[in-house]
Amino acid sequence: MTRRDSLLAVLVAVIWGCNFVAIHVGLADVPPFLFLAIRFTLVALPLVFFVPRPQAPFGVVFSIGLFMSFGQFGLLYLAMAIGMPAGLAALVLQAQVIFTIVIAAVALGERASVRQGLGAVIGTAGLVVVAWGFHQDAPLVPLLVTVGAALSWAIGNVIARAAKVSSGLSLVVWSALVVPVPCLAVSLVVDGPAEMADAIGRFGLGAWVSTLYTVVLASLVGYTIFNRLMATYPAASVVPFILLVPPVGVLSAWVALDEVPSTLEWVGGVVMMVGVAVATVTLRSRARPLGPSTPAALTSPPG
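So that you can map any letter, position 260 of the sequence shown is 260 in UniProt numbering, and since no number is skipped, the others follow by simple counting.
Fair warning: there could be bad hints in the mix.
Each pair of labels, with its calculated beta carbon distance range [claimed, not checked]:
| no. | residue 1 | residue 2 | range |
| --- | --- | --- | --- |
| 1 | ALA197 | VAL102 | 18 to 28 Å |
| 2 | VAL102 | LEU11 | 22 to 32 Å |
| 3 | VAL190 | ARG3 | 38 to 48 Å |
| 4 | LEU212 | PHE58 | 26 to 36 Å |
| 5 | ARG3 | VAL274 | 15 to 25 Å |
| 6 | TRP132 | LEU257 | 36 to 46 Å |
| 7 | ARG3 | VAL141 | 23 to 33 Å |
| 8 | LEU257 | GLY192 | 44 to 54 Å |
| 9 | VAL270 | GLY192 | 39 to 49 Å |
| 10 | VAL121 | VAL141 | 41 to 51 Å |
| 11 | VAL260 | VAL106 | 36 to 46 Å |
Since the hints were derived computationally from the structure, they do not count as laboratory data. Ideal Cβ positions, reconstructed from N, Cα and C, are used throughout, including at glycine.
Please construct the entire structure, taking both the sequences and the accompanying hints into account.
Written as structure tokens, this is what we have:
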């Protein structure tokens with residue numbers, strides 16, 4: 001991976017780390033699935049009328065929207081709405097790193113190098129330490145729902161990786177069309193029309209700031225960069241950078257929401273950073289962009 005792309009991967013991690021605080025702020029006024037429907041409606045419109053459709057089959061774009069957007073964020077928003085702390089959500093969601101590497105190995109035949117695998121294992125060990133520091137305060141159901149969100153994200157990662165769509169922006173915008181209708185349907189059933197109307201009426205400054213952050217930075221900027229990196233490099237080269245998200249998430253939740261990390265959480269965060277450093281050495285010295293000469297194992301067509 002080039003130095004420029006490594007820095008872009010770090011930028012995405014910072015944006016996504018702070019995103020959990022933004023989501024927390026928005027969920028204070030709006031039910032989770034209604035809030036998600038508003039977010040992805042604004043991601044798709046009006047850009048869908050100006051951004052060309054991604055060069056991928058409809059089923060691929062639909063699947064990415066289903067898993068990476070609706071599945072991941074639907075479960076994440078639900079978990080946070082029923083009691084998952086923002087900092088802990090940022091940590092647990094990174095189980096997607098291991099899920100992605102394993103699924104990519106099975107579905108695409110990609111193999112992580114020894115150093116990449118070691119970095120992922122060290123980072124995951126740090127994640128376990130941090131989660132252990134939180135475990136007495138985190139209800140089991142929100143925790144399991146967040147793990148489900150991580151699994152859905154990982155499946156979306158691998159589908160995007162296999163699709164190799166050249167324009168990350170087109171994939172973000174067009175796959176966003178999958179989200180609003182099912183989210184509105186769920187909100188209609190769970191919250192009811194009266195609560196939905198009331199939530200729209202009290203959509204205040206905090207909800208708007210949260211929406212703009214999640215739409216512009218987390219979705220349009222973050223996923224455009226991330227999808228391009230996933231289409232260019234093996235999944236095991238890209239996803240270790242996302243282990244930077246939990247320390248950023250914990251720190252931003254500490255500053256903005258007064259979620260003070262414990263000693264175990266800080267230790268776990270340091271261990272995770274070590275894992276990222278180990279994986280990054282591999283990325284800079286050995287990873288190469290995909291091209292015509294890339295081995296078949298790394299260029300499997302979408303199934």
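> Looking at the structure, which of the earlier hints fail to hold?
Replying inline: Hints 1, 6, 7, 8, 10 are the ones this structure does not satisfy, whereas the remaining hints hold.
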